[in-house]
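> Protein chains in written order, with this note's numbering: chain P, 5 to 154; chain R, 5 to 154; chain Z, 9 to 436; chain C, 9 to 436.
What the hints contain is simulated information worked out from the structure, not anything from laboratory work.
What you were told as hints is all true, and nothing was included just to trick you.
Now the in silico label distances, taken between C-beta atoms and shown as ranges: (1) R:29 with Z:130: 57 to 63 Å; (2) Z:184 with C:218: 51 to 57 Å; (3) Z:184 with R:103: 52 to 58 Å; (4) Z:184 with C:213: 57 to 63 Å; (5) R:102 with C:35: 52 to 58 Å; (6) C:79 with R:20: 30 to 36 Å; (7) C:137 with Z:400: 46 to 52 Å; (8) C:218 with Z:269: 40 to 46 Å; (9) C:265 with R:20: 38 to 44 Å; (10) Z:238 with P:102: 26 to 32 Å; (11) P:85 with Z:269: 30 to 36 Å; (12) Z:316 with C:35: 30 to 36 Å; (13) Z:265 with P:86: 24 to 30 Å.
Even for Gly, the Cβ is constructed at its ideal location relative to N, Cα and C.
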Amino acid sequence: MDLEGLYQEIILDHYKHPRGKGELTSPLAEVHHVNPTCGDEITVQIATDPAGHLLVGYQGLGCSISQASASVMSELVNGNSIEVAETARAAFVDMMHAQGSGEPNEEILGDGIAFAGVAKYPARVKCALLPWMALRDAQIQANLAESEEG
Amino acid sequence: MDLEGLYQEIILDHYKHPRGKGELTSPLAEVHHVNPTCGDEITVQIATDPAGHLLVGYQGLGCSISQASASVMSELVNGNSIEVAETARAAFVDMMHAQGSGEPNEEILGDGIAFAGVAKYPARVKCALLPWMALRDAQIQANLAESEEG
Amino acid sequence: MPNLPALDVAAVRTQFPILERSVRGRPLVYLDSGATSQKPLCVLDAERGYYLHSNAAVHRGAHALAEEATEAYESARVTIASFVGARAQDLVFTTNATAALNLAAYAFSNATALAARGHRVDPRFVIGEGDSIVVTEMEHHANLVPWQQVCEKTGATLRWIGLSDDGRLDLRNLDSIIDQTTKVVSLSHQSNILGTINPVAQIMEAAHSVNAIGVVDACQSIPHMPVDVHDLGADLIAWSGHKMLGPTGIGFLWGSTEILNAMTPFQTGGSMIETVTLERSTFAAPPQRFEAGTQMVAQAIGTAAAVRYLESVGMVEIAAHEHALTAHALAGISQLPGVRVIGPTDTHMRGSAISFVVDGLHPHDVGQVMDAQGVAVRVGHHCAWPTCRRFSVPATTRISPYLYNTLDDIDAGLAAIAAAQEFFQVVN
Amino acid sequence: MPNLPALDVAAVRTQFPILERSVRGRPLVYLDSGATSQKPLCVLDAERGYYLHSNAAVHRGAHALAEEATEAYESARVTIASFVGARAQDLVFTTNATAALNLAAYAFSNATALAARGHRVDPRFVIGEGDSIVVTEMEHHANLVPWQQVCEKTGATLRWIGLSDDGRLDLRNLDSIIDQTTKVVSLSHQSNILGTINPVAQIMEAAHSVNAIGVVDACQSIPHMPVDVHDLGADLIAWSGHKMLGPTGIGFLWGSTEILNAMTPFQTGGSMIETVTLERSTFAAPPQRFEAGTQMVAQAIGTAAAVRYLESVGMVEIAAHEHALTAHALAGISQLPGVRVIGPTDTHMRGSAISFVVDGLHPHDVGQVMDAQGVAVRVGHHCAWPTCRRFSVPATTRISPYLYNTLDDIDAGLAAIAAAQEFFQVVN
Ligand SMILES: Cc1ncc(COP(=O)(O)O)c(C=O)c1O
Ligand SMILES: Cc1ncc(COP(=O)(O)O)c(C=O)c1O
Chain P
5 MDLEGLYQEI ILDHYKHPRG KGELTSPLAE VHHVNPTCGD EITVQIATDP AGHLLVGYQG
65 LGCSISQASA SVMSELVNGN SIEVAETARA AFVDMMHAQG SGEPNEEILG DGIAFAGVAK
125 YPARVKCALL PWMALRDAQI QANLAESEEG
Chain R
5 MDLEGLYQEI ILDHYKHPRG KGELTSPLAE VHHVNPTCGD EITVQIATDP AGHLLVGYQG
65 LGCSISQASA SVMSELVNGN SIEVAETARA AFVDMMHAQG SGEPNEEILG DGIAFAGVAK
125 YPARVKCALL PWMALRDAQI QANLAESEEG
Chain Z
9 MPNLPALDVA AVRTQFPILE RSVRGRPLVY LDSGATSQKP LCVLDAERGY YLHSNAAVHR
69 GAHALAEEAT EAYESARVTI ASFVGARAQD LVFTTNATAA LNLAAYAFSN ATALAARGHR
129 VDPRFVIGEG DSIVVTEMEH HANLVPWQQV CEKTGATLRW IGLSDDGRLD LRNLDSIIDQ
189 TTKVVSLSHQ SNILGTINPV AQIMEAAHSV NAIGVVDACQ SIPHMPVDVH DLGADLIAWS
249 GHKMLGPTGI GFLWGSTEIL NAMTPFQTGG SMIETVTLER STFAAPPQRF EAGTQMVAQA
309 IGTAAAVRYL ESVGMVEIAA HEHALTAHAL AGISQLPGVR VIGPTDTHMR GSAISFVVDG
369 LHPHDVGQVM DAQGVAVRVG HHCAWPTCRR FSVPATTRIS PYLYNTLDDI DAGLAAIAAA
429 QEFFQVVN
Chain C
9 MPNLPALDVA AVRTQFPILE RSVRGRPLVY LDSGATSQKP LCVLDAERGY YLHSNAAVHR
69 GAHALAEEAT EAYESARVTI ASFVGARAQD LVFTTNATAA LNLAAYAFSN ATALAARGHR
129 VDPRFVIGEG DSIVVTEMEH HANLVPWQQV CEKTGATLRW IGLSDDGRLD LRNLDSIIDQ
189 TTKVVSLSHQ SNILGTINPV AQIMEAAHSV NAIGVVDACQ SIPHMPVDVH DLGADLIAWS
249 GHKMLGPTGI GFLWGSTEIL NAMTPFQTGG SMIETVTLER STFAAPPQRF EAGTQMVAQA
309 IGTAAAVRYL ESVGMVEIAA HEHALTAHAL AGISQLPGVR VIGPTDTHMR GSAISFVVDG
369 LHPHDVGQVM DAQGVAVRVG HHCAWPTCRR FSVPATTRIS PYLYNTLDDI DAGLAAIAAA
429 QEFFQVVN
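Could you build all of it, start to finish, from the sequences and the hints given here?
See the structure below:
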């Protein structure tokens, strides 16, 4: 079976040991997204530190893919600049729409490259994107986005 | 072509020279029926003479089959008893649903037997039945029916 | 067969085996495509192939078959949308054009009912006494009765654009018909009974100048000519699959992104929700918002195959072909004494549906004699009863050819009309 | 293959070529019939045959082809109606079960809007503040959200019958839930998520005792067991074609003659009218009143073929076969440590859909591993999100077999669940 391509060790590790999960004390914005097909839920909070870097908190309920994706997102975005966050999101979204072709950039995506195999399962792409779409909406609400497109 | 079976001389004659067409002076009931598929219309009025026999008036707009059928109906029902009218209607309806099989009773149906060929054309059966259905409703409204079934 | 350079009809006809059959002992001459079109083999194969290989619930399952089915369904949406120059996310699948027009009409009555109970809705869809809805005197019942119902439920008034004697919209008083009270203007791009092609963009402009929402019934245009939804200037456009070589059971509503987003749901249930609790629900974005329940998957895939076929023949070529057939038919009818066309008598701004009446004969009887000759035409009010009244006819007989018809078919139709006159002895 | 005397599964499977395909490199084991069923060849042949031989507009044309099409369409109605013990004139064709339930719900909101403007409607359909609508906590969104919408538009209150921990209706307080304020009671005959079969006749009796109209969602029962509409005691019954071996794009609403006659139209347009003027329209008798626009003709004919096939196999035999599969599956699951059924755990008053959760694993991940083994199951909330909340699970994995499944299929499903536990190392 092709399952190992989908469920990389890295993904299972993030699923079992989520990084950065929890609530922010004073978020600038909080959004709640669901995947209406399967009921996966995520709440993403956003704020900035004194240096203007993003602070991201999240709570979620869902499958290994959506929860691991939230953990990886937190790792890539939390404490980083808006530019870094946007670059990571763009790279992640591109990788999800590449259907398994294309070379994901490990420097930008870090553990996120483990999700390359998910792109071959259209029903799971939504799971992987769920936290990232919530992050984008939270950024927009908090006026912490570079642009509203994407 | 099979057209002669449908358009018997008798039918064309009733179409061109409708019998009994016109309005009653003091109808007990008047009903208006349409065939929503093709827009054929008929108005049937009903009354009784002092002897308790039915008086039938009608006005119509439509194809040769529906108009000839009204003319034949008038011939069979006008001035006759309720029983005769009901027997004629039952025989006519039966013939229309026989799809060309069965022996129509000329004694009861008179010129009506010319419509036997119409039964093979489902879309025209409605045309032929239109005046008879209107008659039935008029009888029911005027309390001049034997039963409401049929 | 006379020369018709626009397309290779003989090749087209090989794709439609039904055209080889006979009826009443005569070869079938199918001139009733305005009612419903025949289907090429590729459409039947596409539906069957889906059922044999990938049938599963779409947008619901995560298994391989469900992924294939979802992919097939959503690529059908892309194919059908691009056929009319649209983006897939702006195309809603419905049961038929009638359902698409009802979806549009219910957007108004539902928003009005919700607003009355204090729910927040887009005010453009709230309608009531003092407001007006504008249609035309040549509408199909599908684009008339739903708006009558909105008026009955809300107290709005129905108005209509009348017709000239040659079957064109009478636009002289347009300013007084479409005015500040107008909330919706809905009209057909091409009349199914008269054949008239309407200046839709002009009327949509009039609608927008008073901030009314513009709706177009494109049932009879999209199958027959190249149409780009953006050229019509409408907010919502409805049409059917079965008139454009697709299966029965599917229709389409295109809407501008902005308008679709502003519309409340119509039918509700599975696949169109975002979250559901026992107390309340929120709804998915368009087009899913308007596609409640299990989708007409095979029908979407079948219509996509129809679209690919139409594109392979070429919509410009199809329009030119029909134009030639129409010119031939109009010329032929003008030669028949006692036969009168209801609608434009030349090919300027007109499609291929031609209605006519025969002096001394009821249309039903005309159609019957034509049928006896193997010629399938439609008789009756064509679901445009008010149009019949406008022209003081109880009904008409209509020929409506399509890409698979030949000049011989038209000639067979003309001969059959003459045969009807002869049979009933109404010409001397 | 172990002994399953009720029917000859091997013979049945020859009619479903899709079951021979492989997915993800494994033979397909299709256990998702609760979402949609596969189609036997006779259904595909019936649809194709219609298009190749008789395709035309029904109830509209007078030509030979149109007569054949109308005859085929209306005899399909007779076949499908008699399958559930009904008369053809009481059976309405809709797009799917969701559309049938919306038709029922809109009968109330439309009558209410019309009454408010002084139109005469049947008072049983007029609803407002102080009135209640009763559903259950196990309804599919299709039988919940439309009623929520009626409440939002009219001010009526939604109430529901709760569930016991073993997935049965909690009928202890039925008297206080269905009371004099109740205008509608709508519930499913068999739950698509729990598998529970509900005592529908008893609840319909409670509804009628307060003069409420009773609606039944029979989506999951009619495909799987013999059902006579009269035994349910309901006024309206909805179900879909695609779950009973029929094509996509068709559903059904049965109604008692009296109730259908009392209902205002839902969608309006062609084929459902009696007369139309520009000012107003009158409507045809049921079922035509509720079938606006060009009908799903091929789909009705396809479903009639499905019905004939189901009857040839035998509904009693199918129910017995599924009963055996269900017993086997429930026994097997009870042997799997960490796997818990959501819904009744024995076969008493339950159908073949079995939902379960696996400790430590999300249903989506369970389904994914099963898919990798070729086993197609559904994961998620199954359009019954409130039911998931009732059982404090975010979602479930569901197997739902049908007549073409074998005990081996069930065993493959059970093995795949164990494989998921192993892959994620949640059993020790
Ligand atoms: C119990 C139940 N009700 C309603 C529906 C809705 O049926 P459809 O999606 O065919 O409209 C379904 C299936 O999805 C169901 O299982
Ligand atoms: C102009 C026009 N509008 C609407 C319709 C309704 O389309 P449908 O019956 O496919 O819903 C038709 C065809 O019947 C039509 O010709």
